[in-house]
Amino acid sequence: MKPPNLRYSRAVRGLWAPSGAFLVGLAVMAPLLALGWHALGSDLSHWRYLAGTMPAALRNTMALLAGVGLLVSLLGAGSAWLVTAYDFRGRTILSWALLLPLAVPTYIMAYAYLDALHPIGPVQSTLRGWLGYASPREFRLPDIRNMTGAVFVLGFVLYPYVYLTMRSMFLTQSANLLEAARILGAHKPEVFWRVVLPLARPAWAIGLSLALLEALNDIGASEFLGVQTLTVSVYTSWTTRSDLGAAAQIALTMLVVIVGLLLMERKGRARQRFANTQRMQPMRPRVLRGLPAAIALMLGLLPILVGFACPVAYLSIEAVQRLNGGQGVSNALTRSLSNTVLLALLATVVTLAAGLMVAWATRTLREAAWRQPVRSIARVASLGYAVPGTVLAIGLFTPVMLIEKALGELMGGRSLFLMGSVGLLVSAYAIRFLAIPIGAVEAGLTRVPVSIEYAARTLGARPAHVLRRIHLPLLRPALVASALLIFVEAMKELPATLLLRPLDFDTLATWLYAEASRGSYEEGAVAAVAIVLAGLLPVVLLARTDLSYGHRKQ
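Throughout the sequence shown, residue numbering follows my numbering, covering 1351 to 1904 in sequence.
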């Protein structure tokens, strides 16, 4: 069916969506372009400082990414294969519980283990009491404030990215291919390494990329654990030296690292093609009983205990002790909670509106002459999630200052105070998380038959009316899920918030960061528990989806 011919006036009125999509894409690209312009146009006075810090920060970053990549691959792929290829008591619970570490931000994980494993903390104090030692000078565990500790913390929090993607791939692999390999004489380990893993490599690459981007975006855990990464260097260059040029050039180095990692992985699998033309028969898990089943259960529980149960239990105990001790919650922490909820709500509304506009523009201009430019804008608008919060914040400084100067001149020299405002922080959140609603809405729109739109347009309905009466009701599940994810991500966001927040304006994340930086953990546990509880909401949704999917396939 061909779309109905519209009058020129209606066509012009229908251009509000692509025009809005263009502005959204420009808003995403502006900080990146400004970052490059400022970095390349700065003088060389700060290179002496960079020469002393950049090599070490780059080495630490690459070492951290390599260690985290290895650990999340082992934990994610291993746990995904464990709950897919084997059937044992407790497997159903493990299949969704392995996602729980996603609810714990990396800086909260570092905060919890730093406090629990402190030389005078509860763990070491208990051990010294059991062993008969009186002070930390006589006995103390190795300090976790090093590269090993950072890899440990980030790896056990971020492995669910690899687990989620690889489990989905394992569930869809055909048992016929595995049986064919065994018939040809391949042993079980050989089948896993030569058939199962190559087929799951695209899923591993996606999960690993997400985990490494989160590791590169981290600032709290790395700084708490004494690892000077590129992200920490960007933050310290701006906050301690107010050196925008140095911060911009370090930020560009981070972007080069990101692009290099993605290009290397894509080039590595460019010539690999795997396809299954046979009827797909799901893989049947092998039933385990007795000691093998107990070992499998313990292996599955290990990442859950380390990455979720132990830190959350410790923080919960600390929070309850503080509340029961009569100290209560301070007014400052209450204000931080209200600020966090307000920011998250505003960011959710703005991001959803922008994402819906971009995704809907690509749909309505499906047969227009400039369809490809609008689709390119949608891809550009999704880049924000791959940009670390510190890089995005540094890139926003220049365009926001130019906008504030231009608007101030138009208003007779009045200052709008855009820098350090809540509006700027909400804009940064929207750019950072725009990929979430765009992906969800595009996926939802593919399930709406085109004939419904054509019928409505034939009856004289305008594009906005079609969106309001047809698309929005059908997109409600995708919009609700996107809103939930954006809300929680905004509550947890730390790097961009640290750089762009107004003066005397704290969120739960910045409050926790300040508490840990000062070495005082009295109220930090309460803020940490609140963030974790909020983070459990999307994890529960992911777990329900993954569990039902696994049951259908098996």
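Think of the hints as simulated: they come from the structure by calculation, not from any bench.
Wrong hints could be hidden among the right ones.
[Unchecked claim] Beta-carbon label-pair distances, calculated as ranges:
(1) D1493 - R1729: 40 to 46 Å
(2) L1883 - S1680: 16 to 22 Å
(3) L1760 - V1609: 33 to 39 Å
(4) V1699 - I1645: 44 to 50 Å
These numbers come from a predicted model, not from an experiment.
Every residue, glycine too, gets a C-beta built ideally from N, C-alpha and C.
Hint check:
| no. | hint | verdict |
| --- | --- | --- |
| 1 | D1493 - R1729: 40 to 46 Å | holds (44 Å) |
| 2 | L1883 - S1680: 16 to 22 Å | holds (19 Å) |
| 3 | L1760 - V1609: 33 to 39 Å | holds (38 Å) |
| 4 | V1699 - I1645: 44 to 50 Å | holds (49 Å) |
Hint violations for this structure: none, all hints satisfied.
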